[in-house]
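S.K.: Make the full structure from the sequences, and use the hints.
There are 6 protein chains.
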Amino acid sequence: MRRGLYPGRFQPFHLGHLQVVKWTLQRVDELIIVIGSAQESHTLSNPFTAGERMEMIRRALEGSNIDLSLIYFVPIPDILMNSVWVYHVKSFSPKFDVIISRNPLVMRLFKEAGYEVIEPPAYDRKIYNSTFIRRLIIENNNEWEKLVPAEVSAYIHEIRGDERLRSIAGFS
Amino acid sequence: MRRGLYPGRFQPFHLGHLQVVKWTLQRVDELIIVIGSAQESHTLSNPFTAGERMEMIRRALEGSNIDLSLIYFVPIPDILMNSVWVYHVKSFSPKFDVIISRNPLVMRLFKEAGYEVIEPPAYDRKIYNSTFIRRLIIENNNEWEKLVPAEVSAYIHEIRGDERLRSIAGFS
Amino acid sequence: MRRGLYPGRFQPFHLGHLQVVKWTLQRVDELIIVIGSAQESHTLSNPFTAGERMEMIRRALEGSNIDLSLIYFVPIPDILMNSVWVYHVKSFSPKFDVIISRNPLVMRLFKEAGYEVIEPPAYDRKIYNSTFIRRLIIENNNEWEKLVPAEVSAYIHEIRGDERLRSIAGFS
Amino acid sequence: MRRGLYPGRFQPFHLGHLQVVKWTLQRVDELIIVIGSAQESHTLSNPFTAGERMEMIRRALEGSNIDLSLIYFVPIPDILMNSVWVYHVKSFSPKFDVIISRNPLVMRLFKEAGYEVIEPPAYDRKIYNSTFIRRLIIENNNEWEKLVPAEVSAYIHEIRGDERLRSIAGFS
Amino acid sequence: MRRGLYPGRFQPFHLGHLQVVKWTLQRVDELIIVIGSAQESHTLSNPFTAGERMEMIRRALEGSNIDLSLIYFVPIPDILMNSVWVYHVKSFSPKFDVIISRNPLVMRLFKEAGYEVIEPPAYDRKIYNSTFIRRLIIENNNEWEKLVPAEVSAYIHEIRGDERLRSIAGFS
Amino acid sequence: MRRGLYPGRFQPFHLGHLQVVKWTLQRVDELIIVIGSAQESHTLSNPFTAGERMEMIRRALEGSNIDLSLIYFVPIPDILMNSVWVYHVKSFSPKFDVIISRNPLVMRLFKEAGYEVIEPPAYDRKIYNSTFIRRLIIENNNEWEKLVPAEVSAYIHEIRGDERLRSIAGFS
Numbered sequence: 001m002r003r004g005l006y007p008g009r010f011q012p013f014h015l016g017h018l019q020v021v022k023w024t025l026q027r028v029d030e031l032i033i034v035i036g037s038a039q040e041s042h043t044l045s046n047p048f049t050a051g052e053r054m055e056m057i058r059r060a061l062e063g064s065n066i067d068l069s070l071i072y073f074v075p076i077p078d079i080l081m082n083s084v085w086v087y088h089v090k091s092f093s094p095k096f097d098v099i100i101s102r103n104p105l106v107m108r109l110f111k112e113a114g115y116e117v118i119e120p121p122a123y124d125r126k127i128y129n130s131t132f133i134r135r136l137i138i139e140n141n142n143e144w145e146k147l148v149p150a151e152v153s154a155y156i157h158e159i160r161g162d163e164r165l166r167s168i169a170g171f172s
Numbered sequence: 001m002r003r004g005l006y007p008g009r010f011q012p013f014h015l016g017h018l019q020v021v022k023w024t025l026q027r028v029d030e031l032i033i034v035i036g037s038a039q040e041s042h043t044l045s046n047p048f049t050a051g052e053r054m055e056m057i058r059r060a061l062e063g064s065n066i067d068l069s070l071i072y073f074v075p076i077p078d079i080l081m082n083s084v085w086v087y088h089v090k091s092f093s094p095k096f097d098v099i100i101s102r103n104p105l106v107m108r109l110f111k112e113a114g115y116e117v118i119e120p121p122a123y124d125r126k127i128y129n130s131t132f133i134r135r136l137i138i139e140n141n142n143e144w145e146k147l148v149p150a151e152v153s154a155y156i157h158e159i160r161g162d163e164r165l166r167s168i169a170g171f172s
Numbered sequence: 001m002r003r004g005l006y007p008g009r010f011q012p013f014h015l016g017h018l019q020v021v022k023w024t025l026q027r028v029d030e031l032i033i034v035i036g037s038a039q040e041s042h043t044l045s046n047p048f049t050a051g052e053r054m055e056m057i058r059r060a061l062e063g064s065n066i067d068l069s070l071i072y073f074v075p076i077p078d079i080l081m082n083s084v085w086v087y088h089v090k091s092f093s094p095k096f097d098v099i100i101s102r103n104p105l106v107m108r109l110f111k112e113a114g115y116e117v118i119e120p121p122a123y124d125r126k127i128y129n130s131t132f133i134r135r136l137i138i139e140n141n142n143e144w145e146k147l148v149p150a151e152v153s154a155y156i157h158e159i160r161g162d163e164r165l166r167s168i169a170g171f172s
Numbered sequence: 001m002r003r004g005l006y007p008g009r010f011q012p013f014h015l016g017h018l019q020v021v022k023w024t025l026q027r028v029d030e031l032i033i034v035i036g037s038a039q040e041s042h043t044l045s046n047p048f049t050a051g052e053r054m055e056m057i058r059r060a061l062e063g064s065n066i067d068l069s070l071i072y073f074v075p076i077p078d079i080l081m082n083s084v085w086v087y088h089v090k091s092f093s094p095k096f097d098v099i100i101s102r103n104p105l106v107m108r109l110f111k112e113a114g115y116e117v118i119e120p121p122a123y124d125r126k127i128y129n130s131t132f133i134r135r136l137i138i139e140n141n142n143e144w145e146k147l148v149p150a151e152v153s154a155y156i157h158e159i160r161g162d163e164r165l166r167s168i169a170g171f172s
Numbered sequence: 001m002r003r004g005l006y007p008g009r010f011q012p013f014h015l016g017h018l019q020v021v022k023w024t025l026q027r028v029d030e031l032i033i034v035i036g037s038a039q040e041s042h043t044l045s046n047p048f049t050a051g052e053r054m055e056m057i058r059r060a061l062e063g064s065n066i067d068l069s070l071i072y073f074v075p076i077p078d079i080l081m082n083s084v085w086v087y088h089v090k091s092f093s094p095k096f097d098v099i100i101s102r103n104p105l106v107m108r109l110f111k112e113a114g115y116e117v118i119e120p121p122a123y124d125r126k127i128y129n130s131t132f133i134r135r136l137i138i139e140n141n142n143e144w145e146k147l148v149p150a151e152v153s154a155y156i157h158e159i160r161g162d163e164r165l166r167s168i169a170g171f172s
Numbered sequence: 001m002r003r004g005l006y007p008g009r010f011q012p013f014h015l016g017h018l019q020v021v022k023w024t025l026q027r028v029d030e031l032i033i034v035i036g037s038a039q040e041s042h043t044l045s046n047p048f049t050a051g052e053r054m055e056m057i058r059r060a061l062e063g064s065n066i067d068l069s070l071i072y073f074v075p076i077p078d079i080l081m082n083s084v085w086v087y088h089v090k091s092f093s094p095k096f097d098v099i100i101s102r103n104p105l106v107m108r109l110f111k112e113a114g115y116e117v118i119e120p121p122a123y124d125r126k127i128y129n130s131t132f133i134r135r136l137i138i139e140n141n142n143e144w145e146k147l148v149p150a151e152v153s154a155y156i157h158e159i160r161g162d163e164r165l166r167s168i169a170g171f172s
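Residue numbers (full-length UniProt numbering), protein chains in the order written: chain A, 1 to 172; chain B, 1 to 172; chain C, 1 to 172; chain D, 1 to 172; chain E, 1 to 172; chain F, 1 to 172.
Simulated from the structure, these hints should not be mistaken for laboratory data.
Keep in mind that a hint or two might mislead.
[Unchecked claim] When the alpha-carbon atoms are kept at most 20 Å apart in a straight line, the in silico DMTMM-like pairs for lysine to aspartate or glutamate are as follows: (1) B/K95 x A/E62; (2) D/K95 x F/E112; (3) E/K95 x A/E112; (4) A/K126 x A/E139; (5) B/K95 x A/E151; (6) D/K95 x C/E158; (7) A/K95 x E/E112; (8) A/K146 x A/E30; (9) D/K146 x D/D124; (10) E/K95 x F/E62; (11) D/K95 x C/E62; (12) C/K95 x D/E163; (13) F/K111 x C/E163; (14) E/K111 x B/E119; (15) B/K111 x D/E163; (16) F/K95 x E/E151; (17) E/K95 x F/E143; (18) B/K95 x C/E112; (19) E/K22 x E/D124; (20) C/K95 x D/E151; (21) B/K22 x B/E158; (22) D/K95 x C/E163; (23) B/K111 x D/E158; (24) E/K95 x F/E158; (25) D/K111 x E/E163; (26) F/K95 x D/E112; (27) A/K95 x B/E151; (28) E/K111 x B/E158; (29) A/K95 x B/D97.
M.R.: Right, dumping it as structure tokens:
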């Protein structure tokens with residue numbers, strides 16, 4: 001059995017992320033989704049709590065008929081020491097065999113620790129981009145809803161996450 | 001839908017814990033298992049990492065034919081401030097409706113925050129007791145294997161967790 | 001009896017802040033002044049220690065004939081988790097009924113926690129603005145003294161706070 | 001003007017503490033009461049939040065007709081480094097001239113930093129002792145009410161602090 | 001070239017420690033002395049600062065004609081996560097090849113990380129024992145001076161460390 | 001005997017730093033080199049671990065025939081409270097008499113604590129500048145090797161530090 005580990009902040013989880021999950025599940029038996037910066041929430045860069053992100057991802061995966069019993073979620077708070085970060089992840093997470101990432105720092109740290117790292121194919125980062133999506137939400141531009149799985153936009157509305165982001169930004 | 005939250009340290013997960021999980025799943029639709037003191041490992045009181053605990057619990061639940069898609073795992077590091085602990089849990093965890101606990105401090109903190117707390121029936125704490133089980137492991141007394149689900153004892157052997165505990169204790 | 005809570009960093013306390021305090025004291029019986037980022041000092045953004053800020057505010061209030069026995073000061077270090085910040089404040093502070101703030105994040109966090117938040121009337125933020133005042137101090141432009149209560153400018157001179165700010169900025 | 005600094009945990013504030021405050025106010029012009037271990041609450045050793053302790057002390061001083069405008073409260077979280085603790089206190093507190101303490105570590109640390117330390121006369125520590133008082137509360141022995149100022153016992157009842165302590169201890 | 005790493009708290013550095021250093025220097029080319037719990041000082045268990053410990057060890061090694069250019073000192077604060085501690089040490093320290101320790105936890109953690117660990121011969125832990133030495137100092141029993149290198153007892157007297165320990169203990 | 005303390009981040013140690021060390025050793029008997037932000041590594045601003053920095057500096061000093069037995073290295077993690085930073089350094093470091101620095105904040109903090117601070121002569125900060133050197137490394141411009149001691153460039157190549165910096169930057 002082979003397990004992949006996919007780290008991200010997922011603020012929010014968008015269609016590019018979903019594509020990576022699907023691509024990875026064709027290559028591994030089980031997938032650990034690491035929700036990074038888990039202590040963060042209610043900021044312009046990190047509006048959603050770790051729990052909210054876990055919930056929106058689960059719903060999106062369910063909506064794509066992905067078997068949830070193959071998925072692990074591991075929220076991980078920042079540790080502020082890159083030299084030990086890999087081992088921090090290792091201690092909070094079930095065992096894993098391979099890292100899925102295109103992030104240069106993440107790739108470097110896991111490679112220095114001797115892990116196999118695979119790069120998923122690039123998605124279009126001009127639009128499938130959490131920063132861009134948050135900006136659209138703040139500007140009250142509904143186009144953001146097309147960039148995330150339907151379950152994610154429904155969930156964000158349900159918890160009034162769009163309103164939260166706008167009020168933190170000083171609008172409304 | 002009603003979600004329960006069951007916090008513990010699970011060092012290790014034993015048959016008493018399993019009984020609580022089963023009892024709870026008859027009363028809620030989904031269950032969040034909070035793995036507390038997630039930053040701890042390799043000590044006499046907390047020998048296993050959060051990831052190892054997550055893995056041993058999953059295997060035990062699978063072995064009991066519990067549907068894993070109804071279960072959430074949330075490892076939570078200590079925050080050392082009881083007054084904000086409930087809100088820390090809340091932010092790391094998907095939404096929950098009711099707390100399952102017999103721990104006086106946990107019960108008190110969630111009640112002060114306005115949550116419903118239900119006490120599962122007591123199991124025999126003289127033997128289904130993680131401290132007692134760890135002591136048996138240190139003393140190399142195989143009786144501990146009868147106090148945990150078969151998958152847990154298999155897993156602990158697989159990761160040589162019994163050996164780890166004995167070597168930390170200064171034996172072997 | 002009704003208590004208000006007014007959070008700020010007060011680097012330094014200026015006439016706009018004083019106006020808010022006076023306005024609030026006509027609406028509440030007692031006022032808690034929360035000195036945020038209490039661990040910070042000796043930086044361009046946060047030149048004064050929490051203790052110095054407490055002292056300059058007290059003197060300013062005394063100079064305005066405000067009854068000090070109605071005022072509480074609560075220095076609060078940053079906790080870096082917005083999701084628990086309100087509860088952190090709650091635990092360091094005497095009980096309070098209403099929040100006085102125009103800061104979008106502060107307003108949002110207290111509202112999500114179920115608190116009443118009132119917005120004091122806006123003062124002229126172009127000049128009653130701590131960032132602007134610190135810049136004037138660094139540039140050795142005496143105009144800053146007109147933007148703070150007389151007791152505050154006297155206190156800053158007394159502790160040579162203006163000189164400190166200039167030397168941290170690399171001048172003098 | 002001469003300011004004293006009196007550090008303690010005040011879990012709870014008792015008649016011995018009150019006696020020290022009164023004795024000190026005959027020797028200094030203003031008094032800073034440092035509420036230590038401010039981050040702690042809801043434990044057997046530290047049942048009350050910093051805010052609750054601030055409130056119970058204020059009421060006790062008011063009840064003794066002490067002028068509150070001469071008193072400063074400074075809640076200070078633990079910093080876990082004795083070598084910098086004095087400077088931590090110094091930065092959170094208005095300026096002070098003399099320390100009031102009989103605690104050997106506190107006395108030593110302030111003396112090493114060059115401060116004057118004065119020892120107030122000993123009170124009867126067999127009964128005016130916070131540990132003893134907490135034990136009486138847990139045992140539901142009303143005698144504890146005679147060991148604290150009347151305002152403190154009233155306040156503890158008002159916030160159901162006695163009930164909290166008993167439930168944390170596993171009683172009730 | 002082969003480098004050893006010798007971790008300890010050295011509160012204080014005694015003749016048993018010195019014997020380990022000498023034994024090790026016959027087996028490695030260079031030696032890194034890790035001063036653990038570096039943030040601690042002024043307590044009964046950890047009376048000396050990391051800097052004081054570095055200084056007392058250097059003087060003792062000089063007094064034994066050990067070439068200081070072969071020795072590295074690395075003060076390391078506690079990180080409270082055993083699972084990452086080895087990597088924390090690795091990041092604060094020059095590269096090392098072998099661990100010198102008889103401490104079960106230290107041995108276990110470095111072995112799990114794939115390091116070679118060698119156990120130096122046991123010294124008489126009944127008397128060459130920092131806890132015992134601190135107790136003698138507190139009891140004002142001069143016998144402690146025979147258990148540490150002459151330079152260490154001279155240094156402790158020079159900084160009045162014996163007096164500090166007694167005053168923290170509540171004597172003197 | 002007179003000891004100097006020279007704090008820096010040394011990311012990496014360059015010829016300007018070496019010049020300061022030489023200049024200082026003509027004025028003091030021993031020199032403590034404080035390696036600041038010791039917890040940082042693997043970022044664009046702080047690519048090297050504290051241990052790597054200690055090792056590159058030692059080799060550079062050896063290469064300049066500086067007597068290593070006169071040099072102390074003290075890695076110090078950030079403490080995020082300027083008001084106690086000097087005392088943090090003091091507790092991690094052997095005793096020192098004078099600070100060598102041209103950094104405005106460092107100079108200010110040590111002066112406020114009553115220390116003598118001396119400014120070494122300025123070197124040409126346009127080229128002897130760690131930020132500039134890191135940029136050259138990222139751009140794969142070999143000119144950086146002329147700006148650091150030969151031992152430092154050899155060491156950085158040995159640990160593939162140039163490659164690390166480029167991969168963190170997203171190149172290669």
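S.K.: Taking the hints in turn, state whether each one holds.
M.R.: Structure-based check of all given hints:
1. B/K95 x A/E62: holds (17 Å)
2. D/K95 x F/E112: Between D/K95 and F/E112 the Cα gap is close to 15 Å, so the pair holds against 20 Å.
3. E/K95 x A/E112: With Cα atoms ~15 Å apart, E/K95 and A/E112 stay inside 20 Å; holds.
4. A/K126 x A/E139: Given that 20 Å is the threshold and the Cα spacing comes to 17 Å, the pair holds.
5. B/K95 x A/E151: holds (16 Å)
6. D/K95 x C/E158: The given pair, whose Cα atoms are some 12 Å apart, holds under the 20 Å limit.
7. A/K95 x E/E112: Measuring from Cα to Cα gives roughly 15 Å; hence the hint holds.
8. A/K146 x A/E30: Answer violated: A/K146 to A/E30 is near 28 Å, above 20 Å.
9. D/K146 x D/D124: holds (14 Å)
10. E/K95 x F/E62: Distance ~17 Å between E/K95 and F/E62 Cα, so the pair holds.
11. D/K95 x C/E62: This hinted pair holds, its Cα atoms lying about 17 Å apart.
12. C/K95 x D/E163: Given pair C/K95, D/E163 holds - Cα atoms ~19 Å apart, limit 20 Å.
13. F/K111 x C/E163: Cα-Cα ~12 Å, so holds.
14. E/K111 x B/E119: violated (42 Å)
15. B/K111 x D/E163: Holds: B/K111 and D/E163 sit about 13 Å apart, inside 20 Å.
16. F/K95 x E/E151: Holds, at roughly 16 Å.
17. E/K95 x F/E143: violated (27 Å)
18. B/K95 x C/E112: The hint holds at about 15 Å.
19. E/K22 x E/D124: Within the cut-off at roughly 16 Å; holds.
20. C/K95 x D/E151: holds (16 Å)
21. B/K22 x B/E158: Violated - the C-alpha atoms of B/E158 and B/K22 are around 25 Å apart, more than 20 Å.
22. D/K95 x C/E163: holds (19 Å)
23. B/K111 x D/E158: holds (17 Å)
24. E/K95 x F/E158: Holds, because 12 Å separates the two Cα atoms, which is no more than 20 Å.
25. D/K111 x E/E163: Roughly 13 Å separates the two Cα atoms, so the pair holds.
26. F/K95 x D/E112: holds (15 Å)
27. A/K95 x B/E151: holds (16 Å)
28. E/K111 x B/E158: Holds, at about 17 Å.
29. A/K95 x B/D97: violated (31 Å)
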